[in-house]
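Make a model of the complete structure from these sequences and hints.
As given, the protein sequences belong to chains A and B, one line each in that order. Per my numbering, the first sequence runs over residues 2 to 204. Per my numbering, the second sequence runs over residues -16 to 181.
Take these hints with a grain of salt, some might be off.
[As the list claims (entries may be wrong)] One-sided excerpt, in silico: chain B residues whose CB lies under 10 Å from chain A:
(1) I26
(2) G55
(3) E79
(4) I91
(5) N104
(6) G112
(7) V115
(8) T137
(9) I169
(10) I171
(11) Q175
(12) F181
[Stated by the list, open to error] Listed next, with one range per pair, are the computed distances between beta-carbon atoms:
(13) A:I191 - B:P94: 33 to 43 Å
(14) A:P72 - B:G32: 49 to 59 Å
(15) A:D66 - B:D31: 40 to 50 Å
(16) B:D31 - A:L177: 44 to 54 Å
(17) B:G162 - A:L203: 28 to 38 Å
(18) B:E37 - A:K26: 45 to 55 Å
(19) B:L30 - A:E193: 35 to 45 Å
(20) B:G113 - A:P72: 47 to 57 Å
(21) B:P160 - A:T115: 52 to 62 Å
(22) A:G119 - B:G36: 36 to 46 Å
[Said to hold, decoys possible] Straight-line C-alpha distance at most 20 Å; calculated EDC-like pairs for lysine to aspartate or glutamate:
(23) B:K163 - A:E196
(24) B:K177 - B:E129
(25) B:K84 - B:E129
(26) A:K88 - B:D133
(27) A:K97 - A:E156
(28) B:K16 - A:E51
(29) B:K16 - B:E79
(30) B:K177 - A:D158
(31) A:K52 - B:D156
(32) A:K88 - A:D112
(33) B:K81 - B:E35
(34) B:K150 - A:E51
(35) B:K150 - A:E156
(36) B:K163 - A:D181
(37) B:K16 - A:E196
(38) A:K201 - B:D133
(39) B:K177 - A:E196
(40) A:K201 - B:D174
Just so you know, these hints were derived from the structure itself, not from any lab. All C-beta atoms, glycine included, are put in the ideal place defined by N, C-alpha and C.
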Amino acid sequence: MRTRWAVLALGIAIVLAMAAPASAKPQFSYAVKFVCGFNPSNVGQSLDGEKQGEPTVKLGNYATDINIYNPDVIIDPTNPDNQLFKKVLVLVGDGKVIGREPKSVEPTGFDFITLGPGNATMDDCNRIGELIYGSPVPFPYPLTIGFLVIQSVYELDVTAVYTAQVCSAWAFNDKLDCLDPDGRGNGVSISEDVEQIEGKRLF
Amino acid sequence: MTKKLLPFALLALALPLFAAPASAAPTYSWSVKFVCGYNPTNIGQSLDGTKEGEPTVKFGNYATDINIYNPGYFDTAGIRKKVILLVTKGFPNGREPKVSKPSAFDGIELPPMTATMDDCNRIAELIYGGAVPTPMPLFIGFLVLESNVDLDVTAVYTAETCSYWVKSPDRLDCLDPDGKHQGVGISIDVDQVKGRQF
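Listed below in structure tokens is the structure:
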């Protein structure tokens, strides 16, 4: 008798394991890379903190702007399925490399938002900073690199704007000015990259 | 006897559903380009070492940051990595008609919904097998990732130039001969790396 029940239970477990993904709502995932904050050095560091080699990104000041649009046309802004789930995985935090091989990291910040059809929202370094460091966000913002993972039952349009700026001597006043020792403005260089983020359908 | 064996048979069928991915052979591959280190010259070199023409990349200082995320809910990714060097210490060792084979290997088990990263220092640790030189000489190549599950792979490329870099113990400053700071140029490019399913 007991054997029969065991067989039945195992059979049900197998059927559930195979059928679950097909019956669940689809789940889309967008792993959006972010590069935020100020890296004051052109020399890298090892996992034990020793200064050597190359930094993860070059000396400079980085910002990321992540824009999210719900292109759905179903006019039901109260639909709970419009809720997006976000999580932050930090690989470089507070200027320190924490997720470099052979290490890996788990999500450390979480967020939700309801995004109705035809609406858009955004995350930038300050929003990510609030989730990681709390409010107010530190200034200058320490170098922070990782993934903002957005999960949704609807397919989304996700675009990221990456900007980087460099100056050979930043002045640590309230504006992070680029000044020479006599207080005169120095040359600043900027770079911009805009990327459409492709999502993955998990099931 | 048959009835007694049935639960074991079903168990044997069920186990792979939960446990297969970690031990399965790689079915996805990503060839992630990296550009790392300092190229101190705007003149190239031939395979016999003669200084001539264009360098592989312009005079400047380059960094690459490769981020890897396992988006799945259940499966741990067994990731194998190999480094193929095409420019080594500034020398274009893989330029036509030469070819390069993988010269360093690495691997990691990445649980679901976790992330890891490789940057120039990690790649250099694999190449040098220890401490990384400062400034890091120019290295260009592929970090090839192979995994049993689909991953999100993103690379950040930054490049910087200065007409005169000065090496101090812990910095590479951009100074003129009088010690005054000079203008520096920067560039950033972020790429989602597309994988290939075998």
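Do the hints match the structure? See the list:
no.: 1; hint: I26; in the structure: violated, 22 Å
no.: 2; hint: G55; in the structure: holds, 7 Å
no.: 3; hint: E79; in the structure: violated, 27 Å
no.: 4; hint: I91; in the structure: holds, 6 Å
no.: 5; hint: N104; in the structure: holds, 4 Å
no.: 6; hint: G112; in the structure: violated, 13 Å
no.: 7; hint: V115; in the structure: holds, 3 Å
no.: 8; hint: T137; in the structure: holds, 4 Å
no.: 9; hint: I169; in the structure: holds, 4 Å
no.: 10; hint: I171; in the structure: holds, 4 Å
no.: 11; hint: Q175; in the structure: holds, 6 Å
no.: 12; hint: F181; in the structure: violated, 18 Å
no.: 13; hint: A:I191 - B:P94: 33 to 43 Å; in the structure: holds, 38 Å
no.: 14; hint: A:P72 - B:G32: 49 to 59 Å; in the structure: holds, 56 Å
no.: 15; hint: A:D66 - B:D31: 40 to 50 Å; in the structure: holds, 48 Å
no.: 16; hint: B:D31 - A:L177: 44 to 54 Å; in the structure: holds, 48 Å
no.: 17; hint: B:G162 - A:L203: 28 to 38 Å; in the structure: violated, 55 Å
no.: 18; hint: B:E37 - A:K26: 45 to 55 Å; in the structure: holds, 54 Å
no.: 19; hint: B:L30 - A:E193: 35 to 45 Å; in the structure: holds, 37 Å
no.: 20; hint: B:G113 - A:P72: 47 to 57 Å; in the structure: holds, 51 Å
no.: 21; hint: B:P160 - A:T115: 52 to 62 Å; in the structure: holds, 59 Å
no.: 22; hint: A:G119 - B:G36: 36 to 46 Å; in the structure: violated, 54 Å
no.: 23; hint: B:K163 - A:E196; in the structure: violated, 37 Å
no.: 24; hint: B:K177 - B:E129; in the structure: holds, 12 Å
no.: 25; hint: B:K84 - B:E129; in the structure: holds, 16 Å
no.: 26; hint: A:K88 - B:D133; in the structure: holds, 19 Å
no.: 27; hint: A:K97 - A:E156; in the structure: violated, 34 Å
no.: 28; hint: B:K16 - A:E51; in the structure: violated, 26 Å
no.: 29; hint: B:K16 - B:E79; in the structure: holds, 18 Å
no.: 30; hint: B:K177 - A:D158; in the structure: holds, 18 Å
no.: 31; hint: A:K52 - B:D156; in the structure: holds, 15 Å
no.: 32; hint: A:K88 - A:D112; in the structure: holds, 6 Å
no.: 33; hint: B:K81 - B:E35; in the structure: holds, 19 Å
no.: 34; hint: B:K150 - A:E51; in the structure: holds, 17 Å
no.: 35; hint: B:K150 - A:E156; in the structure: violated, 49 Å
no.: 36; hint: B:K163 - A:D181; in the structure: holds, 7 Å
no.: 37; hint: B:K16 - A:E196; in the structure: holds, 18 Å
no.: 38; hint: A:K201 - B:D133; in the structure: holds, 9 Å
no.: 39; hint: B:K177 - A:E196; in the structure: holds, 14 Å
no.: 40; hint: A:K201 - B:D174; in the structure: holds, 16 Å
Violation of the numbered hints given earlier is confined to hints 1, 3, 6, 12, 17, 22, 23, 27, 28, 35; the remaining hints are satisfied by the structure.
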